[in-house]
Amino acid sequence: MRPRYLRRTEVMAAAPEPRPAPPADLRPLPANRFDAAAARHLLSRAGFGGTPAQVDALVAMGLDKAVDLVVNYGSQPQAEVSPDDFDRELVPYLSPDERQQLVRARRERDEATVERLERAENQARAQDRQQLVELRKWWLARMVETARPLEEKMTLFWHGHFATGGRTVEDSWKMFQQNHLFRTHATGNFATLVLNVIRDPAMIRYLDNNQSRRGRPNENLARELLELFILGEGSGYTEQDIKEGARALTGYTFQDEDFVFQQQNHDGGPKVIFGKKGNWNGDDFARLALSQKACSTFICGKLHRFFVNDTPDTDLPATHRAARARAIEAMAAELRDGQYEVAPVLAKLFRSAHFHDDANRAALIKSPVQLVVQTVRQLGTPVRQLSSLVAACDLMGQNLFEPPNVKGWDGGRAWINTSTLFVRQNVAIYLLTGKRPDIYDWENDGARFDADALAAGAATPEALVDRLLAVALAAPAHPARRDELVRFAAAQTSPAARTERALSTLALITALPEYQLA
3 MRPRYLRRTE VMAAAPEPRP APPADLRPLP ANRFDAAAAR HLLSRAGFGG
53 TPAQVDALVA MGLDKAVDLV VNYGSQPQAE VSPDDFDREL VPYLSPDERQ
103 QLVRARRERD EATVERLERA ENQARAQDRQ QLVELRKWWL ARMVETARPL
153 EEKMTLFWHG HFATGGRTVE DSWKMFQQNH LFRTHATGNF ATLVLNVIRD
203 PAMIRYLDNN QSRRGRPNEN LARELLELFI LGEGSGYTEQ DIKEGARALT
253 GYTFQDEDFV FQQQNHDGGP KVIFGKKGNW NGDDFARLAL SQKACSTFIC
303 GKLHRFFVND TPDTDLPATH RAARARAIEA MAAELRDGQY EVAPVLAKLF
353 RSAHFHDDAN RAALIKSPVQ LVVQTVRQLG TPVRQLSSLV AACDLMGQNL
403 FEPPNVKGWD GGRAWINTST LFVRQNVAIY LLTGKRPDIY DWENDGARFD
453 ADALAAGAAT PEALVDRLLA VALAAPAHPA RRDELVRFAA AQTSPAARTE
503 RALSTLALIT ALPEYQLA
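Numbering (the numbering used here), first residue to last: 3 to 520.
Simulated crosslink set (PhoX-like; lysine-lysine; CA at most 25 angstroms straight-line):
1. K295 - K278
2. K139 - K409
3. K437 - K139
4. K279 - K295
Pairwise CB distance ranges, derived in the manner of DEER restraints:
5. P272 - A477: 50 to 60 angstroms
6. Q80 - T321: 42 to 52 angstroms
7. T420 - Q257: 41 to 51 angstroms
If you're looking for bench data, these hints aren't it; they were derived computationally from the structure.
Idealized CB from N, CA, C, for every residue including glycine.
Working from the sequences, and respecting the hints, build out all of it.
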């Protein structure tokens with residue numbers, strides 16, 4: 003039986019059994035409990051999964067050294083992936099002089115000049131949009147190939163946190179610069195990252211701070227800094243703090259691709275922010291916000307949701323909610339004590355029994371990017387066509403460099419609906435087989451994936467299924483699902499079917515609901 007394109011979940015669902023609450027602090031996992039399942043969990047959450055050989059290597063080095071290798075990745079080589087055909091000199095809009103020429107030509111009814119300038123601008127914008135497509139392919143390839151998976155995972159986290167969309171920015175080089183900024187500070191100092199973000203030309207353009215000047219402040223950047231980037235909505239600030247913060251940020255703009263501070267457009271007068279009076283500028287405003295205790299709790303809450311468990315509080319038992327809150331506060335205390343260095347917080351989290359507890363295994367829904375990249379890295383499939391994978395991520399709701407709004411992607415259960423589940427199942431089949439459903443414009447790929455390597459030494463259908471389930475799933479499958487898969491594998495008796503038995507069985511596993519979980 004050949005693997006077919008699965009359009010719905012075909013193995014019966016089973017109600018999850020209640021789990022005890024995880025530990026409510028960040029005490030370390032006992033060293034003797036760091037087994038293959040724990041190593042696989044670490045590789046999945048702190049990156050994009052790992053091969054059986056990588057799992058075995060982490061187990062051999064033990065918990066402390068494994069976490070150190072993952073978090074302190076500076077000794078690992080950078081991914082050698084460069085954007086193809088990227089023209090940083092491309093300007094996708096008219097220069098001020100050309101804009102004046104266009105206005106004058108329209109006024110004078112000089113149709114030839116109007117047509118020439120509009121055509122040049124449209125062509126440049128089209129080329130810039132194509133460069134953004136190339137950037138998506140470049141970043142996806144980088145995530146697949148990197149020896150520093152946490153670096154790319156945190157770059158993705160900051161991209162969703164400091165959400166900025168290429169369609170609004172209209173400058174692919176600015177988006178590339180911002181991506182580099184997030185990577186540079188991926189696990190570094192959060193305060194330093196914030197101070198760089200308020201100078202980031204892409205962010206300034208996205209939130210219109212280039213239009214903010216003395217006497218006419220634009221509140222967008224100040225508002226999002228407090229509501230979405232530093233403190234969280236409604237967390238200890240007032241509308242007056244936003245208005246005064248907007249005044250402080252006047253004059254923060256860019257010229258071409260670089261940040262500039264325009265003193266003549268800055269409001270240097272006294273301002274009262276968080277009850278403190280001074281002639282504050284934008285840096286001062288950011289530092290005042292960073293000094294609020296709500297900052298560390300807010301950021302660590304988002305890190306916990308990203309790395310540990312994305313189940314909404316309203317759907318958790320009271321004991322689990324309490325354990326989550328205490329773990330987040332322990333992370334926040336570590337962040338404050340470490341002067342907002344992120345790496346020590348992640349290291350403590352990844353070593354903790356809380357992180358590794360059964361209640362937090364298979365407790366995240368894979369983002370589209372996680373689903374694609376982890377399928378390649380963990381199962382070892384060919385990369386296939388990057389353009390097809392970028393298109394699939396978009397269909398599944400995660401278009402890199404284009405978050406839906408300034409809040410970023412909602413994540414969690416928002417990733418799953420009838421249409422996205424259909425694509426999620428089929429993109430896994432595409433990666434396994436190189437074949438595409440006819441409804442998608444995905445390029446066929448003749449490269450063969452050898453699934454037998456994942457099941458080496460499995461002499462029986464039971465052993466085959468158990469080996470593949472252990473590699474592919476974040477937690478043990480329900481016995482009913484395992485039994486269905488064993489019956490399927492045992493039924494592959496013809497010579498042709500036996501040849502493809504591992505691949506066919508793996509295709510069915512990737513269609514299980516559990517495969518959507520990390």
